[in-house]
Amino acid sequence: MRNTKAYTLVEMLISLVLGAILVLSMGAISSISNNSYRKVMAQAQVFNDIHYGIKFLQSHVRKASALYTETGNGSWVSQKLIVDHEAFGLFQNGAQVDFVYLPDKDDENQREIIFSVSSPGNVTLDFYKPPAVVGGAWPDVVVGDELEAIKAQLQGHKDRIPFDAATIIMRRI
Amino acid sequence: MDNRGSILIMTLTFIFVFSLLGVGTIYHATCQNEDSEKLRASMQAFWLADGGIEYARRSIPAVVNENDTSLGQGFYQVQSTIDQTDVNGNPIAFDVISLGRVQAQGQRRRKIHAVIATAEANIDKVFKTRGPIKNYDPPDDPDDSGQCDPPSSVDWICSEVEPNSDFSLTSTFNMTLEDFYNTTHHEYEDPAPSDIAIEDLDDLVIIKLVDNFSVQLPSRQIEGAGFVLIDTTEYTGEKVPTVSIEGTGNCPEGEGEDCGNFSGILYIIGEAKIAGNPVFRGAAFVEGSPVEVTPVTGNATFRFDAQAVDDALGDVNNGQISEFKIHLWEELPC
Numbered sequence: 001m002r003n004t005k006a007y008t009l010v011e012m013l014i015s016l017v018l019g020a021i022l023v024l025s026m027g028a029i030s031s032i033s034n035n036s037y038r039k040v041m042a043q044a045q046v047f048n049d050i051h052y053g054i055k056f057l058q059s060h061v062r063k064a065s066a067l068y069t070e071t072g073n074g075s076w077v078s079q080k081l082i083v084d085h086e087a088f089g090l091f092q093n094g095a096q097v098d099f100v101y102l103p104d105k106d107d108e109n110q111r112e113i114i115f116s117v118s119s120p121g122n123v124t125l126d127f128y129k130p131p132a133v134v135g136g137a138w139p140d141v142v143v144g145d146e147l148e149a150i151k152a153q154l155q156g157h158k159d160r161i162p163f164d165a166a167t168i169i170m171r172r173i
Numbered sequence: 001m002d003n004r005g006s007i008l009i010m011t012l013t014f015i016f017v018f019s020l021l022g023v024g025t026i027y028h029a030t031c032q033n034e035d036s037e038k039l040r041a042s043m044q045a046f047w048l049a050d051g052g053i054e055y056a057r058r059s060i061p062a063v064v065n066e067n068d069t070s071l072g073q074g075f076y077q078v079q080s081t082i083d084q085t086d087v088n089g090n091p092i093a094f095d096v097i098s099l100g101r102v103q104a105q106g107q108r109r110r111k112i113h114a115v116i117a118t119a120e121a122n123i124d125k126v127f128k129t130r131g132p133i134k135n136y137d138p139p140d141d142p143d144d145s146g147q148c149d150p151p152s153s154v155d156w157i158c159s160e161v162e163p164n165s166d167f168s169l170t171s172t173f174n175m176t177l178e179d180f181y182n183t184t185h186h187e188y189e190d191p192a193p194s195d196i197a198i199e200d201l202d203d204l205v206i207i208k209l210v211d212n213f214s215v216q217l218p219s220r221q222i223e224g225a226g227f228v229l230i231d232t233t234e235y236t237g238e239k240v241p242t243v244s245i246e247g248t249g250n251c252p253e254g255e256g257e258d259c260g261n262f263s264g265i266l267y268i269i270g271e272a273k274i275a276g277n278p279v280f281r282g283a284a285f286v287e288g289s290p291v292e293v294t295p296v297t298g299n300a301t302f303r304f305d306a307q308a309v310d311d312a313l314g315d316v317n318n319g320q321i322s323e324f325k326i327h328l329w330e331e332l333p334c
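Those protein sequence lines, which keep their order, are chains D and A. My numbering puts the first residue of the first sequence at 1, with every later residue one more than the last. My numbering puts the first residue of the second sequence at 1, with every later residue one more than the last.
Looking at chain A on its own, in the form it has when it is part of the complex (with noise of 0.2 Å):
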């Protein structure tokens, strides 16, 4: 047989597949660069991203439409638009749209939905308690014939008024406590109810019990919309601390925005007793630890006022740019 030359066919075959292995090696070492390449580029387009969110969340109340502003290595575009609206027609939400992009290997995009909002919108009760409220049937009670049976003569609207509820002060303003004492400049401590300036009751005021087990709002006509915080976490009493709602306002339903003893916000973290003939327009809560009954006797008038709480979360949010906070954030595909 003759066989001569063989050597040089297996040798040329044992070439080519290690040709084969080392272009292989080749590629693959090339496509491991381009991708790190693109994953610096993604993460960099990210960056750019995230950054747009906060662009537009900086600019509010004005919306932004950004295109192609450039920023370190690549570009971010930012659409913001109002979603919705106050009773003033002021923006209370705005959906935001932010594409970061970045040239490398082709263009490397990473995309963010964030949905940017004060916390007002979920403001529409005139009353919430976490505990019951004393003699209170409400309309949708099951063993009730579905009339609504305020206590007493109180005058309120009974869809308005949500007693055992589930709220903090977090989940409903999007702020902590701690926010809250920054923000104000009217801080009382164990105060008589003539101690509280009257004009300081336009404007965000805290009123801490430390060891008065009660405190009573003051009863005289108070102008303009503002929020008062009531704070027992610091109580060191045996007395279960209670707001007395107290008031000898007699202003019929019509007679102006500022009739009564008081509007706006009043939050609550402790108890609460309603008596007398107070007039209350806005939104008031009881956040009571551990919850206990709310009384309420007397001829007291609730009503929810959106313009009252309105004014109220201005006087809280002072023109921060802090009160809009991102309720939504989510990466899209591009």
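Pulled out of the complex, with its shape left as it was, chain D reads as follows (with noise of 0.2 Å):
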């Protein structure tokens, strides 16, 4: 009779062969769960705070008495848009962007940051004014223009996840 019982070299190769695959398979799907997961909450935290700050700009520009645009010089990287003694746009601070609302908007210190990304090249904030027909055009704002409506328009992108958020925004006096 065959003795059976112990395992030949050869299963033994084969077992840790199929075991080492087994591990790298759970490694790399645990890898890929993560990876999905960050990225998913990275994505979350992107939209979340373009939400809210397209949502804080409406509210602001909605109960403005004044609207209009200043040129952004210095470290600013867009327009200032100034609604009433306020003021929002894009700043640079170092290498990072912030997309920034500033409760005097002639105090650049006292900015609070709304959103920001890594660098000035990824992202833009472009204001545009109401067409003077229905249907026509939204030209570029104008330094200086008063302002009954704007359209904003938010895009670039923020550690590779891309955002486009666009929307027009009336005063409500």
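The set of hints was computed from the structure by calculation and includes no laboratory data. Mixed in with the good hints, there may be bad ones.
[What the hints assert, rightly or not] Far from chain A by the CB rule (all over 10 Å, computed), these chain D residues:
id: 1; residue: Phe56
id: 2; residue: Ser59
id: 3; residue: Trp76
id: 4; residue: Ser78
id: 5; residue: Asn93
id: 6; residue: Asp104
id: 7; residue: Lys105
id: 8; residue: Pro120
id: 9; residue: Asp140
id: 10; residue: Gly144
id: 11; residue: Asp145
id: 12; residue: Asp159
[Unchecked claim] Below, simulated DSS-like cross-link-like pairs (lysine-lysine); rule was C-alpha separation at most 27 Å, straight line:
id: 13; chain 1: D; residue 1: Lys129; chain 2: A; residue 2: Lys111
id: 14; chain 1: D; residue 1: Lys63; chain 2: A; residue 2: Lys111
id: 15; chain 1: A; residue 1: Lys325; chain 2: D; residue 2: Lys129
id: 16; chain 1: A; residue 1: Lys38; chain 2: D; residue 2: Lys55
id: 17; chain 1: D; residue 1: Lys63; chain 2: A; residue 2: Lys208
id: 18; chain 1: D; residue 1: Lys63; chain 2: A; residue 2: Lys325
[Unchecked claim] Short, incomplete list of chain A residues facing chain D, as computed with Cβ under 8 Å:
id: 19; residue: Thr11
id: 20; residue: Gln44
id: 21; residue: Trp47
id: 22; residue: Arg57
id: 23; residue: Arg58
id: 24; residue: Ser59
id: 25; residue: Glu66
The beta carbon of each residue, even a glycine, is placed where N, CA and C say it ideally should be.
With the hints in hand, could you dock these two chains into one complex?
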């Protein structure tokens, strides 16, 4: 009778190879799952920040008595949208660019950061003034124009997550 | 028993099970990514739809019919229709449907319905007061015979008078007191009747009482329709601040729309008393706080006048788009 109590060397080697494949597969699955989770969380964070930012901008523009733009000099990488005595725009802080809100339009030190990206090439914020006729084109805002409505577009990417939020906001007063 | 090769079968079974787990995990991750993309697109579509509503509001009094207008990464389409017009046929309410759509994992759509209107549709009384009117028996008084008993010989249509009414400046006009101050070019503080420029009274006039406890509107004939707002919110005296609506108008009905002492809208934040023979056309509001009885004596003539109300509201809004407010905003399923 043949002795079957021990594994042969070949069986052991095959088992080890298959076991290694299993372990590597589990690792890969775990890694994919983790990456997916991180990406979804990062996307949710970016979209939440943008949603909040647009809503914040909307609430201020709607109750504005005065609405116009100023040229963004110095660290500004977009036009400054002046909403009464407050301001919104893209502000460069080192390598980072922030979508900021200034409670006092002339005091850049008191800026509040709504949203940040890692470099200036990664984000743009554009404002357009309403068309002269229904259905007409939305021209670029000319600095100093008193505005009753704006078309605002924030686009770019953060951590390789693309975003492009655009809307129209109108003053209420 | 021959169990040669069993380890191979067991291992293959394990591989199969783990392969299923792996495929499931990858599928789950892919779904999460797709959901995330859909969420992003849905958010963009929402802002596009909301932007469409703002666009329609901005375009008033014109109606809009924009199809697939490009904005950002998507499109919005917005249609507005006239929902209601005033006595002159001017639109006073618009119904707006706006749809935003963005292409991502199929098409993401968000739809918003809004009603944008002025406040003037709510004004249909010649005289509304927060408190009672002295000696006035409303026609629906259960203790009464159903007869309307105007005080003295006052000439008004009972159904156009509403004492004990619940209203405010904002609920009536959708504008705050601050909005009115921001709009007016004619502001008086504690004026004598002769101080008030007669030509101002066909426009928006705010009369503020700070020290004077009473003001009398000029009894001269005024051309055109205006909006007079009496503000006693900063009154510092002890007596109840009161507005006298007096006059010597003797203007039989049907003698022209400008006939009378004042036409348009008279809104009193404070108390009022009516005496003499004023002829008033339009709509008057007495928002007393604390609420007092409004005494009415003499031979006043009060007539609701939709045209005068309309003209007066035009003075307030002065052609500004902001006269139109969003009365209803709701998201609809796509």
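Against the structure, the hints:
no.: 1; hint: Phe56; verdict: 13 Å, holds
no.: 2; hint: Ser59; verdict: 12 Å, holds
no.: 3; hint: Trp76; verdict: 22 Å, holds
no.: 4; hint: Ser78; verdict: 16 Å, holds
no.: 5; hint: Asn93; verdict: 26 Å, holds
no.: 6; hint: Asp104; verdict: 22 Å, holds
no.: 7; hint: Lys105; verdict: 20 Å, holds
no.: 8; hint: Pro120; verdict: 20 Å, holds
no.: 9; hint: Asp140; verdict: 15 Å, holds
no.: 10; hint: Gly144; verdict: 20 Å, holds
no.: 11; hint: Asp145; verdict: 15 Å, holds
no.: 12; hint: Asp159; verdict: 13 Å, holds
no.: 13; hint: D:Lys129 / A:Lys111; verdict: 24 Å, holds
no.: 14; hint: D:Lys63 / A:Lys111; verdict: 24 Å, holds
no.: 15; hint: A:Lys325 / D:Lys129; verdict: 21 Å, holds
no.: 16; hint: A:Lys38 / D:Lys55; verdict: 20 Å, holds
no.: 17; hint: D:Lys63 / A:Lys208; verdict: 25 Å, holds
no.: 18; hint: D:Lys63 / A:Lys325; verdict: 13 Å, holds
no.: 19; hint: Thr11; verdict: 5 Å, holds
no.: 20; hint: Gln44; verdict: 6 Å, holds
no.: 21; hint: Trp47; verdict: 4 Å, holds
no.: 22; hint: Arg57; verdict: 6 Å, holds
no.: 23; hint: Arg58; verdict: 5 Å, holds
no.: 24; hint: Ser59; verdict: 5 Å, holds
no.: 25; hint: Glu66; verdict: 6 Å, holds
In summary, this structure violates none of the numbered hints.
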